[in-house]
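Engineer: Chain by chain, the residues run as shown.
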Amino acid sequence: MTALNELTLAEARDKLAAREISATELTRAHIDAIEKARALNAYIAETPDHAITMARQSDERIARGEAGPLEGLPLGVKDLYATNGAHTQACSRILEGFKPVYESTVTANLWRDGAVMLGKLNMDEFAMGSSNETSCYGPVASPWLPPGWSQEQARAAGAGDKKGLLVPGGSSGGSAAAVAAHLCLGATASDTGGSIRQPAAFTGTVGIKPTYGRCSRWGMVAFASSLDQAGPIARTVRDCAIMLRSMAGYDPKDATCVDMPTPDYEKALGASLKGRRIGIPKEYRVDGMSEEIDALWRKGIDFMRDAGAEIVDISLPHTKYALPAYYIVAPAEASSNLARYDGVRYGLREQGRDIVEMYEKTRAKGFGPEVRRRVLIGTYVLSAGYYDAYYVRAQKIRTLIRRDFETAFHAGVDAILTPATPSAAFGIGEKTSADPVEMYLNDVFTVTVNMAGLPGLAVPGGLSRDGLPLGLQLIGRPFDEETLFSAAHVIEQSAGRVQLPASWWA
Amino acid sequence: MSVDQATVRRIAHLARIAVKDEDVPHLQGELNAILAFVEELNSVDVSDVEPMTSVVPMQMKMRRDEVTDHAGAQAVVANAPLHEDSFFTVPKVVE
Numbered sequence: 231m232t233a234l235n236e237l238t239l240a241e242a243r244d245k246l247a248a249r250e251i252s253a254t255e256l257t258r259a260h261i262d263a264i265e266k267a268r269a270l271n272a273y274i275a276e277t278p279d280h281a282i283t284m285a286r287q288s289d290e291r292i293a294r295g296e297a298g299p300l301e302g303l304p305l306g307v308k309d310l311y312a313t314n315g316a317h318t319q320a321c322s323r324i325l326e327g328f329k330p331v332y333e334s335t336v337t338a339n340l341w342r343d344g345a346v347m348l349g350k351l352n353m354d355e356f357a358m359g360s361s362n363e364t365s366c367y368g369p370v371a372s373p374w375l376p377p378g379w380s381q382e383q384a385r386a387a388g389a390g391d392k393k394g395l396l397v398p399g400g401s402s403g404g405s406a407a408a409v410a411a412h413l414c415l416g417a418t419a420s421d422t423g424g425s426i427r428q429p430a431a432f433t434g435t436v437g438i439k440p441t442y443g444r445c446s447r448w449g450m451v452a453f454a455s456s457l458d459q460a461g462p463i464a465r466t467v468r469d470c471a472i473m474l475r476s477m478a479g480y481d482p483k484d485a486t487c488v489d490m491p492t493p494d495y496e497k498a499l500g501a502s503l504k505g506r507r508i509g510i511p512k513e514y515r516v517d518g519m520s521e522e523i524d525a526l527w528r529k530g531i532d533f534m535r536d537a538g539a540e541i542v543d544i545s546l547p548h549t550k551y552a553l554p555a556y557y558i559v560a561p562a563e564a565s566s567n568l569a570r571y572d573g574v575r576y577g578l579r580e581q582g583r584d585i586v587e588m589y590e591k592t593r594a595k596g597f598g599p600e601v602r603r604r605v606l607i608g609t610y611v612l613s614a615g616y617y618d619a620y621y622v623r624a625q626k627i628r629t630l631i632r633r634d635f636e637t638a639f640h641a642g643v644d645a646i647l648t649p650a651t652p653s654a655a656f657g658i659g660e661k662t663s664a665d666p667v668e669m670y671l672n673d674v675f676t677v678t679v680n681m682a683g684l685p686g687l688a689v690p691g692g693l694s695r696d697g698l699p700l701g702l703q704l705i706g707r708p709f710d711e712e713t714l715f716s717a718a719h720v721i722e723q724s725a726g727r728v729q730l731p732a733s734w735w736a
Numbered sequence: 029m030s031v032d033q034a035t036v037r038r039i040a041h042l043a044r045i046a047v048k049d050e051d052v053p054h055l056q057g058e059l060n061a062i063l064a065f066v067e068e069l070n071s072v073d074v075s076d077v078e079p080m081t082s083v084v085p086m087q088m089k090m091r092r093d094e095v096t097d098h099a100g101a102q103a104v105v106a107n108a109p110l111h112e113d114s115f116f117t118v119p120k121v122v123e
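Line by line, the protein sequences are chains A and L. Counting in this note's numbering, the first sequence runs from 231 upward without gaps. Counting in this note's numbering, the second sequence runs from 29 upward without gaps.
Simulated from the structure, these hints should not be mistaken for lab results. Accuracy of the hints is not assured; some may be wrong.
Said to hold, decoys possible - Across the chosen pairs, the derived CB separations fall in these ranges: (1) L:81 x A:491: 24 to 34 Å; (2) A:524 x L:110: 53 to 63 Å; (3) L:98 x A:485: 11 to 21 Å; (4) A:245 x L:51: 52 to 62 Å; (5) A:393 x L:64: 27 to 37 Å; (6) A:283 x L:95: 28 to 38 Å; (7) A:293 x L:95: 35 to 45 Å; (8) L:86 x A:619: 28 to 38 Å; (9) A:619 x L:93: 49 to 59 Å; (10) L:86 x A:255: 39 to 49 Å; (11) L:93 x A:525: 54 to 64 Å; (12) A:232 x L:64: 45 to 55 Å; (13) L:67 x A:323: 27 to 37 Å.
As the list claims (entries may be wrong) - Cut-off 30 Å, straight-line C-alpha distance, at most; resulting in silico cross-link-like pairs (BS3-like, lysine-lysine): (14) L:89 x A:483; (15) A:661 x A:550; (16) A:595 x L:120; (17) A:329 x A:266; (18) A:591 x L:120; (19) A:329 x A:483; (20) A:595 x L:48; (21) A:329 x L:120; (22) A:591 x L:48.
We put the beta carbon where it would ideally sit given N, CA and C, even for glycine.
Throw the hints in and build the complete structure from the sequences for me.
Structural biologist: Given below as structure tokens:
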């Protein structure tokens, strides 16, 4: 029999409904797995007592016939969601000791529907990073073994500085690693430039960033408000569909959250692609694209064609400007959002001779190097005399990027297929050159989607020559996540479910 | 465009982040690497293009001007590093 923590979320749901298992035993199986997997550093705060209490309540509701859609399903929560009374730091020192007195809307929706919280998951500090190496709690190790490594070698590295083990991607690295290592049935994540899709691709899991406005941002630690969006990472397309339905929905507390009904995304699975048009953007065939990424993409195109979809070549001419424009918009909004960390209302405080010195010392100690870098860039591009040259110009380029997509959709394209990342996962400590741009290039295929506010989904498409997972990305029309789930389900069925790595960490 | 060391110090002060002298040169290098990366945006013709101000075109909703879920002053100061009663305390700011 499959270990309880290795069930998919949908399987666990069905077994709970059939009373074959209890929420309490399902939760205990996860708590045991988490305790044995501390070498991965995926969870930075475990809440086992809280989880058992929630699971017992779920069992009672199931017994009374009052089960919610996620009743008794144990989930992990990215550390940037405010969870009432529980550790919430966005993995930054500046929020040291912060315990919110409120619950984020997205997590409140999950608990409303009966889900169980296992703990808080590691992430890049303030979601700024693509490898989960900027966390103040140290890097997360991917459960995937580096090519050629033995289990003993990995265990030794896991017990030490983790160098050489693979990154799970970022910023939702803890979420992706926990899902891939069976430390939860699914996890909340968030995506500002690729932070759901890139880690999903690196770990052989599925992740969706819904349309901007689909999920409430209330109670999520803000990074770049016009780009941030919540979404799930899970092991199957179906599991993501189930989770997103609960996470999404109108919330008057977020003025950018749209007031429209949330579809039952699970119903989109199995829908035929016959006659649907899938766009293939030529600009994503970037210089120096590796043969295996190209081969993955061609394979994805074949999956779509075999399922009856019509393949259409399209052009998104402003693609190459998306990443540079992002590195103006995101730091600018971050510098504004992070101004609130002043040592007065919450978190870390360093003493100073006067209030300005207190601010400066607090923020110098509390922010890590990547966050500091982005706050400085953001402050510069918003400073007097540069606002129009940088920020306004970048926002104009955003309009052009969105127009590219609109043109393709008006021409009848239903969804767009691209690779999710330019490569498979790299090693911890491998990309630490003096040039921060090298790391930024990880998001080259995902960032356009945030700039245009569109939904994007990453689904495993196959393995690299070294046996590491590679992901395909589907991009959809605004609020048409359903087509993404339908098409991703076809890819999942055609490529076959990823064989996740066996435990070397326990 | 690129920044010199005086500008790095000025930005750091605007951002209220103390920067040590020995950190200035490598910060300058990193910031200039990013600024060089975004340079190519200058080659795009953006005349007659409106800046994007809203990701999803929608009417902003109005709400009643009333207290909603205010949890009380003690909850507001619960996470403060220093507070007295329901006040945040900071170093003296008026002479």
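Engineer: Now, for every hint given, state plainly whether the structure supports it.
Structural biologist: Do the hints match the structure? See the list:
no.: 1; hint: L:81 x A:491: 24 to 34 Å; in the structure: holds (26 Å)
no.: 2; hint: A:524 x L:110: 53 to 63 Å; in the structure: holds (58 Å)
no.: 3; hint: L:98 x A:485: 11 to 21 Å; in the structure: holds (18 Å)
no.: 4; hint: A:245 x L:51: 52 to 62 Å; in the structure: holds (55 Å)
no.: 5; hint: A:393 x L:64: 27 to 37 Å; in the structure: holds (29 Å)
no.: 6; hint: A:283 x L:95: 28 to 38 Å; in the structure: holds (31 Å)
no.: 7; hint: A:293 x L:95: 35 to 45 Å; in the structure: holds (39 Å)
no.: 8; hint: L:86 x A:619: 28 to 38 Å; in the structure: holds (29 Å)
no.: 9; hint: A:619 x L:93: 49 to 59 Å; in the structure: violated (38 Å)
no.: 10; hint: L:86 x A:255: 39 to 49 Å; in the structure: holds (45 Å)
no.: 11; hint: L:93 x A:525: 54 to 64 Å; in the structure: holds (59 Å)
no.: 12; hint: A:232 x L:64: 45 to 55 Å; in the structure: holds (52 Å)
no.: 13; hint: L:67 x A:323: 27 to 37 Å; in the structure: holds (33 Å)
no.: 14; hint: L:89 x A:483; in the structure: holds (11 Å)
no.: 15; hint: A:661 x A:550; in the structure: holds (22 Å)
no.: 16; hint: A:595 x L:120; in the structure: holds (22 Å)
no.: 17; hint: A:329 x A:266; in the structure: holds (26 Å)
no.: 18; hint: A:591 x L:120; in the structure: holds (16 Å)
no.: 19; hint: A:329 x A:483; in the structure: holds (20 Å)
no.: 20; hint: A:595 x L:48; in the structure: holds (11 Å)
no.: 21; hint: A:329 x L:120; in the structure: holds (27 Å)
no.: 22; hint: A:591 x L:48; in the structure: holds (11 Å)
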